[in-house]
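Colleague: From first to last, the protein sequence lines are chains A and B.
Going by my numbering, the first sequence opens with residue 920, and the numbers climb by one from there.
Going by my numbering, the second sequence opens with residue 2, and the numbers climb by one from there.
Be aware that a few hints might be false.
Claimed, not checked - The calculated lysine-lysine pairs, modelled on DSS-like cross-linking and capped at a C-alpha distance of 25 Å, are: (1) A:K1107 - B:K119; (2) B:K49 - A:K1029; (3) B:K119 - A:K963.
To be verified - Sample of chain A residues lacking proximity to chain B, with all beta carbon distances greater than 12 Å (derived): (4) L934; (5) S959; (6) K963; (7) W1152; (8) Q1216.
What the hints assert, rightly or not - From the derived model, a few chain A residues whose C-beta atoms are all more than 10 Å from chain B: (9) M921; (10) Q960; (11) Y1079; (12) V1106; (13) H1138; (14) K1207.
Since the hints were made in silico from the structure, they are not lab data.
Where is the CB? At the ideal position from N, CA and C, for every residue including glycine.
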Amino acid sequence: MMLYIVIGFLWVSLLIYLLMGGADFGAGILELFARETNKSQVRKTSYQAIGPIWEANHMWVIIAIVILFVGFPDVYTTVSTYLHIPLVVMLMGIIARGTAFAFRNYDAVKDRMQNIYNRIYVYSSFITPLFLGIIAGSAVSRKIDTQGTNFLDVYVYDWYNWFSVAVGFFTVCLCGFLAAIYLIGEVKEIDTKAYYIRKAKIMNTALTVWIIIIFWSAHQDNIPLTTWLFGNWISLATISCSVPAFVLLWVAVYKDKVPLMRSLAGAMIMMLLIAVTYSHYPNIVLFKDGGHLSLIQQEGPDKTITSLGIALLVGSLLILPSLFYLIYSFGKRRVE
Amino acid sequence: MNDFMAARSQMALSLGFHIVFSCIGMVMPFFMAVAHFLWLRTGNVNYKNVAKAWSKGVAIFFATGAVSGTVLSFELGLLWPTFMKHAGPIFGMPFSLEGTAFFIEAIALGFFLYGWDKFNRWFHWVTGVVVGVSGIVSGILVVAANSWMNSPSGFDYVNGQYINIDPIKAMFNRGWFSQSLHMTIAAFAATGFAVAGIHALMILRKTNVGFHATSFKIAAIFGVVAALLQPVSGDISAKFVARTQPAKLAAMEAHFNTEKNAALIIGGVPDVKNKQVNYAVKLPGMLSFMIHGTTDSTVKGLDKIPVQNQPPVSVTHYAFQIMVALGMLMMGVGLLYLFAIFKKRDWLTKAWFLKIFVAATPLGFLAVEAGWTVTEVGRQPWIIQGVMRTADAVTPMPGIAYSFYLFTAVYFTLALAVIFLLNRQIKMVPVLYDVEPAKPAHA
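So that you can see chain A by itself, here it is in the shape it has in the complex (with noise of 0.2 Å):
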């Protein structure tokens, strides 16, 4: 029973962390392809509406990688080892995100620096969110070569390959997206608000036309995607549901209903996970020979799982509430 806690936290910490962190990585894509005049626009919003909860968004990643660590340990340690090379590019892009918001904030000058800080910010926005999309494609991709002999095959084509890759860019196009709907929200000015619907529109046709090219791709690289998404009642009712889902966003969109449109994104995005996660579960990760990993069959010592998941209860009994108490109190202010 605990360990079906713990799996559920994990999956709840990845989601979470793709909704907030991925609407706050999407303000920073949305930055990097704004018109030089549009980008202080952008800076300013994305300031007001995730200053105050932005150390707490990515929280959600740490939470995600303890309970591997701790509950996982082969999961953890087998990905760390085949993907070290993407896990560093991205730690690399969160060091330099992490630094530059906070610098660009706090620095007490505002000077010429503030485009370093601005430029370092923008790409490691898009970097970070790629590298995680290419780390969770390649976990499924059934690339990772634990036999292999040479250098490129153990710890490079495991994620360099056209599926991996997509997956990645798919990630920034969700992020960007997520990013768009979520600040149409925080503007009043209709031609702001029109501004990000715009951009929402962009991200929209992008994810699209890398929806095609990771079946495309799943294709090249002999990953039955198909089967995955169409092939049990669970992925094919939750996908089935995403679409409604979406053109319903739309009507929200155009109609300007903030709660809903949020609320729909967010649906959507769960959806998803949902649907790409259960198609190999309890499978996490899928190597080349065949072989997987389970959270099923290698989770942690009973003890271990017991006390992790005792410890998530009583921490997400005192962080979700001073979390939503947060949300909501500067949520309030800006409407105020």
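Start from chain A and add chain B according to the hints.
Modeller: Below, chain B without anything else, positioned relative to chain A:
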């Protein structure tokens, strides 16, 4: 550089930087909360300015501490997968609790930094205190995990298998209290002296004296009290190390031969080949006394430890000597400060007195780095004392040297950036914080 040395260097580098960022991020909220409290109680706007200025420092250090901590949580797997595979489920408990503490800290920081004039004043103040308290809690938990590596417990190691795992026992391993106590006090001493030193310099330069004198006083008191308490926790730690890691103690003391009435060796140059220490001051019987309470008790020397299980003696010995010497210096400055407060108030504004504090700025952090060198190098060749060798834990991935160069470049850039930013914070004090001149706090 081979992969093993590169992995160790990268880990040492990451820890070395993280520890500075996180100590400041953990302690400065308390300075800030005290200033904030004084403002709420007295209405003196000078205190509010100090609290606000420090909160910017807290934000910068929290961000750098958080990212460098995130990096470490990945590096454990990137560099030491074999270690994490076995140790993760055993010593992971403090990390899972630390996740909560750190999360609370991040949330409280959000309230504090963005909550000026938006919430009830006392609620706002409490969020600042919560930042500090949860920071301390996470620090203690992380150090408890490290102390498990020094005094592993909560499992049985039988025929290469790790069985009967009990994560709670592992968390409350024998060393958690002494090591966490020593580290927490060290963080207060180091940050207190560093912050006080910077403000002392600004008072000497006669810029915004009122603002800096207030800041100086708060930071100095924290640093001084911690520096005076530290020898007690140091003594507890040393006795603990002697019990659980005789090899580390022997290396710290460069104590080559097991003997009764063992001398405390101060300074000196260890000659590992001839098993002796040259140019050292030796206090006969003192080591035996400090460890066991009597001068004629036996202290285990390096001769009782197989060569392949001995830590690098010179590095451990020098690091230990440096730590103790710096600790003593800080204690001396602390005593001087107390003397000035109670007997010679006029010293407090004297240039020579402030100069002592300016000179003491880096001492605490140098001592922290030296102390960590003792802890980590002194444990070698073990990653889990007596159970797993560091060399057996390293990643099979080749080319770690490049990763080490990359991280070195990143961390040094980051350190320079932080120094650059702090310098600008201080330069902008007259514009941003010290809007109305207040009278010096010590006057």
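Colleague: Please go over all the hints and tell whether each is borne out by the structure.
Modeller: Hint check:
At most 25 Å may separate the alpha-carbon atoms for a hinted pair to count; A:K1107 and B:K119 meet this at roughly 21 Å. Of the supplied pair hints, the one linking B:K49 and A:K1029 holds, its CA atoms being roughly 23 Å apart against a limit of 25 Å. At most 25 Å may separate the alpha-carbon atoms for a hinted pair to count; B:K119 and A:K963 meet this at roughly 20 Å. Every CB of chain B is more than 12 Å from the CB of A:L934 (nearest about 16 Å), matching its label as outside the interface.
Every CB of chain B is more than 12 Å from the CB of A:S959 (nearest about 20 Å), matching its label as outside the interface. Interface exclusion of A:K963 from chain B stands, the closest Cβ pair being 15 Å apart, more than 12 Å. Non-interface status of A:W1152 relative to chain B is upheld: no Cβ of that chain comes within 12 Å, the nearest being about 34 Å off. No beta-carbon of chain B is positioned within 12 Å of the beta-carbon of A:Q1216; the least distance is around 14 Å.
Separation of A:M921 from chain B is adequate, the least Cβ-Cβ distance of about 13 Å exceeding the 10 Å criterion. Listed as a non-interface residue, A:Q960 keeps its Cβ farther than 10 Å from every Cβ of chain B; the least gap is roughly 20 Å. With a least beta-carbon separation of about 15 Å from chain B, A:Y1079 lies farther than 10 Å from that chain, consistent with its non-interface assignment. Residue-level check passed: A:V1106 sits 18 Å from the nearest beta carbon of chain B, beyond 10 Å.
Distance check on A:H1138: its Cβ is at least 31 Å (rounded) from any Cβ of chain B, clearing the 10 Å threshold; non-interface status holds. At roughly 17 Å, the least C-beta separation between A:K1207 and chain B is larger than 10 Å, which holds for a residue marked as non-interface.
Figure legend: structure checked against the earlier numbered hints; every hint is met.
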